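Each chain is listed here by its residues.
Number of protein chains: 2
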Amino acid sequence: MGHLFASRALLSRKSFIREILKVTQSPSIISFAGGLPNPKFFPVDEIKNAAVKVMETDGANTLQYTITEGLPSLREWISRRYARRGVDIKPDEILITNGAQQAVAIIGKTFLEKNDHVVMEKPGYLGAIQAFEFYETIFNQIDIGEDGIDTAELRKVLDAQDIQLAYLIPNFQNPTGNVYSEAKRRETAELLKKREILLVEDEAYYELRFEGKPLPSIREYYDTNHILLGSFSKIISPGFRVGWCCAKKPLMEKLVVAKQANDLHTSHFTQKVIAQYLADNDIDRQIQRIIGQYSRQCRCMLEMIPRYFPPEVQYTKPTGGMFVWATLPEGWSSEELFDVAIAKDVAFVPGNAFCSDASLGSSMRLNFTNSDEDKIEEGIKRLGSAIKELFSKKKKTSVIA
Amino acid sequence: MGHLFASRALLSRKSFIREILKVTQSPSIISFAGGLPNPKFFPVDEIKNAAVKVMETDGANTLQYTITEGLPSLREWISRRYARRGVDIKPDEILITNGAQQAVAIIGKTFLEKNDHVVMEKPGYLGAIQAFEFYETIFNQIDIGEDGIDTAELRKVLDAQDIQLAYLIPNFQNPTGNVYSEAKRRETAELLKKREILLVEDEAYYELRFEGKPLPSIREYYDTNHILLGSFSKIISPGFRVGWCCAKKPLMEKLVVAKQANDLHTSHFTQKVIAQYLADNDIDRQIQRIIGQYSRQCRCMLEMIPRYFPPEVQYTKPTGGMFVWATLPEGWSSEELFDVAIAKDVAFVPGNAFCSDASLGSSMRLNFTNSDEDKIEEGIKRLGSAIKELFSKKKKTSVIA
Numbered sequence: 352m353g354h355l356f357a358s359r360a361l362l363s364r365k366s367f368i369r370e371i372l373k374v375t376q377s378p379s380i381i382s383f384a385g386g387l388p389n390p391k392f393f394p395v396d397e398i399k400n401a402a403v404k405v406m407e408t409d410g411a412n413t414l415q416y417t418i419t420e421g422l423p424s425l426r427e428w429i430s431r432r433y434a435r436r437g438v439d440i441k442p443d444e445i446l447i448t449n450g451a452q453q454a455v456a457i458i459g460k461t462f463l464e465k466n467d468h469v470v471m472e473k474p475g476y477l478g479a480i481q482a483f484e485f486y487e488t489i490f491n492q493i494d495i496g497e498d499g500i501d502t503a504e505l506r507k508v509l510d511a512q513d514i515q516l517a518y519l520i521p522n523f524q525n526p527t528g529n530v531y532s533e534a535k536r537r538e539t540a541e542l543l544k545k546r547e548i549l550l551v552e553d554e555a556y557y558e559l560r561f562e563g564k565p566l567p568s569i570r571e572y573y574d575t576n577h578i579l580l581g582s583f584s585k586i587i588s589p590g591f592r593v594g595w596c597c598a599k600k601p602l603m604e605k606l607v608v609a610k611q612a613n614d615l616h617t618s619h620f621t622q623k624v625i626a627q628y629l630a631d632n633d634i635d636r637q638i639q640r641i642i643g644q645y646s647r648q649c650r651c652m653l654e655m656i657p658r659y660f661p662p663e664v665q666y667t668k669p670t671g672g673m674f675v676w677a678t679l680p681e682g683w684s685s686e687e688l689f690d691v692a693i694a695k696d697v698a699f700v701p702g703n704a705f706c707s708d709a710s711l712g713s714s715m716r717l718n719f720t721n722s723d724e725d726k727i728e729e730g731i732k733r734l735g736s737a738i739k740e741l742f743s744k745k746k747k748t749s750v751i752a
Numbered sequence: 352m353g354h355l356f357a358s359r360a361l362l363s364r365k366s367f368i369r370e371i372l373k374v375t376q377s378p379s380i381i382s383f384a385g386g387l388p389n390p391k392f393f394p395v396d397e398i399k400n401a402a403v404k405v406m407e408t409d410g411a412n413t414l415q416y417t418i419t420e421g422l423p424s425l426r427e428w429i430s431r432r433y434a435r436r437g438v439d440i441k442p443d444e445i446l447i448t449n450g451a452q453q454a455v456a457i458i459g460k461t462f463l464e465k466n467d468h469v470v471m472e473k474p475g476y477l478g479a480i481q482a483f484e485f486y487e488t489i490f491n492q493i494d495i496g497e498d499g500i501d502t503a504e505l506r507k508v509l510d511a512q513d514i515q516l517a518y519l520i521p522n523f524q525n526p527t528g529n530v531y532s533e534a535k536r537r538e539t540a541e542l543l544k545k546r547e548i549l550l551v552e553d554e555a556y557y558e559l560r561f562e563g564k565p566l567p568s569i570r571e572y573y574d575t576n577h578i579l580l581g582s583f584s585k586i587i588s589p590g591f592r593v594g595w596c597c598a599k600k601p602l603m604e605k606l607v608v609a610k611q612a613n614d615l616h617t618s619h620f621t622q623k624v625i626a627q628y629l630a631d632n633d634i635d636r637q638i639q640r641i642i643g644q645y646s647r648q649c650r651c652m653l654e655m656i657p658r659y660f661p662p663e664v665q666y667t668k669p670t671g672g673m674f675v676w677a678t679l680p681e682g683w684s685s686e687e688l689f690d691v692a693i694a695k696d697v698a699f700v701p702g703n704a705f706c707s708d709a710s711l712g713s714s715m716r717l718n719f720t721n722s723d724e725d726k727i728e729e730g731i732k733r734l735g736s737a738i739k740e741l742f743s744k745k746k747k748t749s750v751i752a
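Chains A and B supply the protein sequences, listed in that same order.
Take 352 as the starting number for the first sequence in this note's numbering and just add one per residue.
Take 352 as the starting number for the second sequence in this note's numbering and just add one per residue.
For the record, the hints were derived by calculation from the structure and aren't laboratory data.
Take the hints with a grain of salt, since some may be wrong.
[Unchecked claim] Ranges between beta-carbon positions, derived for each pair:
(1) B:N412 / A:D409: 20 to 30 angstroms
(2) B:K744 / A:P423: 37 to 47 angstroms
(3) B:D708 / A:D690: 53 to 63 angstroms
(4) B:R431 / A:E687: 39 to 49 angstroms
(5) B:L361 / A:P661: 51 to 61 angstroms
(6) A:E464 / B:Q512: 18 to 28 angstroms
(7) B:S424 / A:P423: 26 to 36 angstroms
(8) A:K599 / B:D708: 28 to 38 angstroms
(9) B:A503 / A:K441: 49 to 59 angstroms
(10) A:D725 / B:E407: 26 to 36 angstroms
(11) B:P423 / A:P423: 27 to 37 angstroms
[Said to hold, decoys possible] In the SDA-like style, the derived pairs of lysine to any residue whose C-alpha atoms are separated by at most 20 angstroms in a straight line are:
(12) A:K564 / A:D498
(13) B:K599 / A:F356
(14) A:K465 / B:N466
(15) B:K399 / A:V403
(16) A:K564 / A:Q637
(17) A:K544 / A:D439
(18) B:K404 / A:E397
The structure displayed is predicted, hence computed values, not measured ones.
In this text, a Cβ means the ideal position worked out from N, Cα and C, and glycines have one as well.
Can you build the whole structure from these sequences, using the hints too?
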């Protein structure tokens with residue numbers, strides 16, 4: 352036998368975040384590491400009632416196999432929701448997946464050949480790096496600033512490289528929390544459209560807006576070679592694993608085949624329960640409850656950072672989403688900080704998890720959605736003290752050396 | 352852009368079975384096409400009660416993300432179930448997947464390079480052909496007879512080719528319903544073991560035994576480069592999409608990474624509901640109910656075939672599972688028969704769906720689990736009349752020609 356594992360499997364790595372989650376199970380640790388919603392806002396009773404109703408009215412059918420594309424009533428609901436914001440996506444342009452993550456994975460499977468070039472933000476979504484690196488792609492990560500991706504840099508990369516696809520998160524990007532301005536959305540669309548590059552636009556955080564008005568999707572300006580991703584994970588339940596992707600017919604046909612070969616279809620039961628929940632409840636009220644609390648938690652973190660961190664630490668000021676991105680002064684390592692922080696019972700994700708070339712070693716991602724305000728204050732205090740300890744230790748070390 | 356789709360996506364085809372399912376939605380059609388369980392035996396009330404209990408006792412946690420490997424209590428249950436039949440598989444050697452199909456897909460992703468050779472039965476499981484052909488593999492399908500795979504042919508293929516993995520279904524094989532004898536299991540294990548070839552042993556139909564004693568898994572004789580697949584689809588609900596795969600640590604580590612990049616984890620909710628159902632109900636009683644009825648349906652089909660089919664048609668006589676495999680005399684096409692049959696409101700899957708080289712054009716798969724006995728009688732009658740019509744039409748055609 353020439354090989355045991357496929358070479359793609361040897362390149363792939365376990366998610367550092369999910370490995371960290373194992374370290375941070377201890378109840379004494381305050382974890383800003385995960386990307387977990389606050390479980391206080393899970394609609395437990397409403398989901399229970401929806402499950403009962405589904406089983407009482409259509410139980411046997413719910414337990415049977417269903418079509419790969421996904422539950423028609425759920426796809427119709429998603430289509431209507433898009434229509435409400437002026438986006439025309441038909442139900443048969445929607446495929447239900449196991450969270451948006453599975454959509455990313457089947458996109459990789461459908462479009463990426465070995466050595467294909469992919470554009471992502473820098474820092475970028477770890478789950479997409481993981482999914483795409485299975486197909487032995489080459490990452491071109493482009494800096495994302497407060498108002499979105501650096502379009503001058505994007506243009507340079509597009510001129511220099513034959514890019515197969517771009518994966519972008521224009522709203523409350525993971526991990527920075529940054530939002531693309533309308534101008535940046537338009538410019539990005541123009542650059543990609545001219546070259547007909549496939550754009551995967553991930554709107555998993557779209558609904559988690561604390562202030563300001565929603566901006567149009569990049570799809571508004573470029574909708575042909577385009578796949579839009581969405582998810583119920585941030586507004587109903589991540590444990591359900593129900594998300595979706597939208598694409599026009601020629602792309603959708605291939606995505607359906609990839610999904611079918613993957614697991615036939617997403618759980619019929621979870622799809623039916625979510626559709627029932629959406630029919631019987633006001634999702635906008637649910638979203639308002641969540642963002643009310645998340646915006647308080649975010650504000651708390653943004654108030655505590657300048658209080659407890661040394662002033663040299665820079666950080667983003669999100670207006671939505673789940674994360675703050677903080678950066679130590681050049682030369683300081685967030686991985687070294689991680690060890691000091693864990694000893695003080697506080698955790699985060701070091702920045703190198705969010706790039707393919709270990710060039711974000713001074714940064715870190717801080718999640719504010721899974722900790723209440725008192726924990727956020729205490730956690731930022733511990734982390735500030737860890738940063739100060741790191742700074743002083745290093746100084747001491749250099750004196751001794 | 353050099354290509355839009357990856358070449359693996361261009362090779363892949365939609366499942367003919369699932370396309371047929373769309374044609375056969377009409378209530379007037381009697382369909383032997385799908386591989387669907389009889390919905391009469393879905394434990395609807397028990398699942399409802401389990402869902403209520405899970406949400407009432409551990410709701411918020413159930414809606415949160417969980418670990419990729421799968422719910423510990425569910426993996427412990429599966430491990431204990433193996434122990435009951437003398438098979439030693441630890442909970443951490445089990446990964447929960449979205450049905451056994453997802454296990455097949457992530458095995459393809461983890462082990463198969465382009466142009467790798469794969470061994471399967473002929474006819475073989477369509478879902479595995481679909482999953483593996485995404486990785487541009489070369490299929491070596493080996494005839495399966497009444498007592499299992501043709502081991503002489505297997506030896507020849509193994510001597511001639513560098514085989515990367517073998518995918519086999521030793522119990523009530525899909526689509527033939529055949530069972531490997533103990534001697535065949537042992538011989539197969541020896542042939543693979545000598546060459547250290549990865550064996551994927553799919554036991555999705557293991558529990559659906561109508562008569563006789565269970566036989567040891569091939570794993571009994573070769574457990575190192577081995578992955579064992581199982582599923583709740585045939586005994587509880589296929590719509591839930593909960594199955595699993597078992598492997599020793601070095602293989603399992605890579606499978607977990609592939610699963611993680613795919614969809615983070617299988618729905619926490621469905622895993623918890625199944626675990627609760629298993630804790631509160633006697634699964635063996637459920638299995639007895641199912642196999643009691645399925646064995647009556649199978650017997651009915653095996654009685655009706657000789658009554659209504661021309662005697663030249665050959666067919667298997669399963670002692671479990673979900674399918675009968677029938678073969679027209681050489682030269683007759685089951686695809687031509689399909690059109691005649693659909694006009695008479697009866698459907699099946701033509702044999703070529705179960706091989707990679709269109710060499711099973713005379714055969715067909717008949718499912719007996721999703722039709723009650725009266726429908727089986729009527730359906731086989733219609734199909735017999737369709738076969739006779741095909742035979743007579745053809746004769747006429749040849750006379751005219």
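| Is it true that the CA of K399 (chain B) sits at most 20 angstroms from the CA of V403 (chain A)? | Within the cut-off at roughly 6 angstroms; holds.
So does D725 (chain A) sit 26 to 36 angstroms from E407 (chain B), Cβ to Cβ?
-> holds (28 angstroms)
Below or equal to 20 angstroms on CA atoms is what counts here, so check K404 (chain B) against E397 (chain A). holds (14 angstroms)
| Given the hinted pair K564 (chain A) and D498 (chain A), is their alpha-carbon gap at most 20 angstroms? | With Cα atoms ~15 angstroms apart, K564 (chain A) and D498 (chain A) stay inside 20 angstroms; holds.
Go ahead and decide if the range 53 to 63 angstroms is satisfied by the Cβ distance of D708 (chain B) to D690 (chain A). holds (57 angstroms)
For this session: Compare the distance between the alpha carbons of K544 (chain A) and D439 (chain A) with 20 angstroms, and conclude whether the hinted pair is satisfied.
Result: Holds, at about 19 angstroms.
C-beta pair A503 (chain B), K441 (chain A): status relative to the range 49 to 59 angstroms that was hinted:
holds (55 angstroms)
Report task. Given the hint of 39 to 49 angstroms, check if R431 (chain B) and E687 (chain A) actually sit that far apart at their C-beta atoms. Result -> Taking Cβ atoms as reference, R431 (chain B) and E687 (chain A) lie about 44 angstroms apart, which means the hint holds.
Are P423 (chain B) and P423 (chain A) spaced within 27 to 37 angstroms by their CB atoms? holds (35 angstroms)
So does L361 (chain B) sit 51 to 61 angstroms from P661 (chain A), Cβ to Cβ? holds (55 angstroms)
Take a look at whether the Cβ-Cβ distance between S424 (chain B) and P423 (chain A) falls inside 26 to 36 angstroms. holds (34 angstroms)
| Between E464 (chain A) and Q512 (chain B), does the beta-carbon spacing fit 18 to 28 angstroms? | Holds, since E464 (chain A) and Q512 (chain B) (Cβ atoms, about 25 angstroms apart) stay within the stated range.
Of the numbered hints stated above, none is contradicted by the structure.
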